[in-house]
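Visitor: Here the protein sequences come in this chain order: A and B. Here the first sequence stands for residues 3 to 349, numbered as in this note's numbering. Here the second sequence stands for residues 3 to 349, numbered as in this note's numbering.
Be careful, since some hints might not be right.
All copies of an identical chain are treated as equivalent in the list; a pair is satisfied when it fits inside any one copy or across any two copies.
Claimed, not checked - Here are the simulated lysine-lysine pairs, DSSO-like style, with alpha carbons at most 30 Å apart:
# : residue 1 : residue 2
1 : LYS266    : LYS302
2 : LYS220    : LYS243
3 : LYS266    : LYS224
Hints are computed from structural coordinates only; laboratory data are not their basis.
There are 2 protein chains.
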Amino acid sequence: MWPLMRLIRRPLSTAAPRGLVYEKHGEPTQVLRLKNIEVPSPTNYEVKVKMLAAPINPSDINMIQGTYAMLPPLPAVGGNEGVGVVIEVGNHASSVRPGDWVIPVNAGLGTWCTEGLYSEEALVRIPSDISIVGAATISVNPCTAYRLLSDYETLRPGDSVIQNAGNSSVGQAVIQIAASLGITTINVVRDRPDLPGLVERLRDLGADHVITEEQLRKPEMKDLFKNCPRPRLALNCVGGKSTTEMLRHLDHGGTMVTYGGMAKQPVTIPVQCLLYNHLFASGFMFLVFFFSIDREEITKMIRDLCDLMRRGKLLPPPCTEWPLEDFSHALRNSQTPFLSRKQILIM
Amino acid sequence: MWPLMRLIRRPLSTAAPRGLVYEKHGEPTQVLRLKNIEVPSPTNYEVKVKMLAAPINPSDINMIQGTYAMLPPLPAVGGNEGVGVVIEVGNHASSVRPGDWVIPVNAGLGTWCTEGLYSEEALVRIPSDISIVGAATISVNPCTAYRLLSDYETLRPGDSVIQNAGNSSVGQAVIQIAASLGITTINVVRDRPDLPGLVERLRDLGADHVITEEQLRKPEMKDLFKNCPRPRLALNCVGGKSTTEMLRHLDHGGTMVTYGGMAKQPVTIPVQCLLYNHLFASGFMFLVFFFSIDREEITKMIRDLCDLMRRGKLLPPPCTEWPLEDFSHALRNSQTPFLSRKQILIM
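Here chain A stands alone, though its shape is the one from the complex (with noise of 0.2 Å):
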C-alpha cells in the first residue's frame, strides 16, 4: 500500500522525475521539498506512471502535518489523488499497459510527482476520454458521494436524501449524482451574504432544495415534507446542532452516515431518533472504503461516474490550475478559507 519510490539527494534536474517530498510532519509550505526522485524500472507488479495531475485536497494536507489517521512512512511525497499515463509495466503486472490513464485507488501512494513506481493492485484505470481534471478529482470526492449514495440505503427515484454541507465538494457531487437518479436533495448551506447565488449554483447542478442552518430549525421544515417524502438517508459532514437538527427529520428506520465532521463538534442523536425512530447512524471514510469492496465494485463505480461526466451530469470542480513549480502558491490557496476552488498540480 505505501509508495515504492526510493528517494534519493541528487541536484535538481527538469529531466530527471521529481516529487514534492516531506522527510517530517509539519505545515506543507514548510516541510515540502520539490526534489529529484528515483523511479526504477518495474518488476514483477509493479507499474511505472507518469502523472498528469494531482489535485491538493484538505486530507492531503493533514497527513502531511501529521493529524491524518492514516500516514505513510517518511520521508514520503505528498498527495493521494490524481491521474496519470502508464509509460512501462513489470513481467506480471496484468491489468494496465503502456498508454492507459490509472487513478490511485489506495491512500498515502504519493501522486504530487511527475513520475512514480506504483504496485498494480493500488491502480485502476480510468478511460481518457474524460477531462484531465474530472479524471484527476474523481476518486475522492465523486466516489465518495457515488459510496454514500449506494452502501447504506437502497434508493430508489422519488427518494430523497438530505445532507449538510451542500456545498462542499462531495455534496455537489452528491447533488449530482443524487439528480441523475432521480433522488430529491434536501441541502442544507451556511447562510452567507451571497446566499441567493449560492441557492441558484447549487439548483443548477440539480439540488432541489436548498436551505440553511437557521431554516432547518424551523417549524416551517415541516411544509417541505408536503410534497417530498422524509429522507431515508442524512449525510453528515459538520457534526454539533447542524447534524442534530437535521436528524429530526430523518425517516422512520433511516440512516445517518458521517463522513467529516466540520464544526469540530461530536454527533449527538436524541435518544428517541434511536429507540422510536430505528435510526441507524455509521461512518465513513474515503481512506478506507477502497480496501472494503472488491474490484469489480469499484470498475463499476469509475464506469458510472465516467459515463455522467462525459453526458456533462457530473460536473469537474471549478479549479486553479499550477505547474508543479508553484506548489507554494497552490497550497496557500487550497488553505485559504471559503475560496471554493479545488488547486490542481499539472505536471
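Given chain A, put chain B in place with the hints provided.
Guide: For chain B alone, kept in the frame of chain A given last:
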C-alpha cells in the same frame, strides 16, 4: 395486535374475569380500576387464556401515562408481559392447545387480568417446567438481552461486551447470557454506598468486570484491556457522558446499540469514533422487535432462554408478589427508585 377483550360495566365479582382497566391516560394509581371484563368464547384464531402472573415494567407505566411510543386504544387493560395457561381455542387456532403455557409477543395486549382473549398470532408457547415468575418475566428483559447479544455483532467465546446500567434487569440478563456463551462482560454501574455488595452480586451472576462511571473515565481503564479484548459491542441504556465514555473503549468497527435513555440525555458520539473507528450506532426497542423477527427465531430464543433457566444459568429477577387486588401497592413499589425488585401481580 390490540386486545380482543371487550370491557363492560357491571358490579365487581370474584368469579367473573377481572382486569386492571384504564379509560384515560394518567398516573397509573389514579386511572387504573379493577373491573369485571367480558371475555367471550374464542372463535376463529382467538385463544382464551387464564393469566397466571404478570410483572409491572417501566414501559407499562409509560403506556398508561400516555408517554410511550405505542399506545393501545382506550379503554385498555394494563400490562404487556406475563404468562398464562390456554383454556379454550377458536376453531382455526392450531398453534396452541388448552393446557399450554403462553406468553404475549405483541405489545399492548393487556396482561393485568385474570383472563384474556387474544389472537393466536400474538402468543407463543413456553414450556411449563420453568418457574411461573421466570416465564412471566422472560419476554421483556431476557429477550431484549438475547437480541442485543445476537442481532448486531457475531460474538464468539472470548469476545467482550461493554454495557452501562449493568445492574438493570436487562443488564443482569446480559451478564448471565453472555457468561453462558463464554463472552466477557464489562459492566458499568453508578457509584453507590453498597458498591462492594453490588459488585459481588453481579460477579455471582457471571460478570467479569464491574466498574463505576468514574473508573470508566480514568486512564487506568487501558490496564483492563491488557487481558481482555476491546469490546465488539457496547450496550447503552443511559445516554450522555456515560455513553460517550463507553464508546472510547469500543473495538474498531464495533457497534453500539442504544436501548434506553435513563439519563434523559442524548447520545453523543465523537466524530473520530465514526470516521476512524468505523463505529456503527443503532437502536433497539423492545416493543417493536417481535414484529421484525420470524416465528422460528422467536421459538429458538424462548427455547434457549428456558434452557438457561432450567440449568440455573439465568435467574428470575428478585421479585415481590402481589395478589391482583393489591395492585396499588405493587404500582407504588414499582415506581420507588432503587428498590431493585420486580413487582409481580399474581392472578
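Visitor: Each hint needs a verdict: does it hold in this structure or not?
Guide: Hint check results:
Taking CA atoms no more than 30 Å apart as the test, LYS266 paired with LYS302 passes in neither setting, with 34 Å inside one copy and 46 Å between copies. Proximity of LYS220 and LYS243 under a CA criterion of 30 Å is satisfied in both settings, with 13 Å inside one chain copy and 28 Å between copies. Taking identical chains as interchangeable, the C-alpha atoms of LYS266 and LYS224 lie at most 30 Å apart whether they share a chain (28 Å) or sit on different chains (26 Å).
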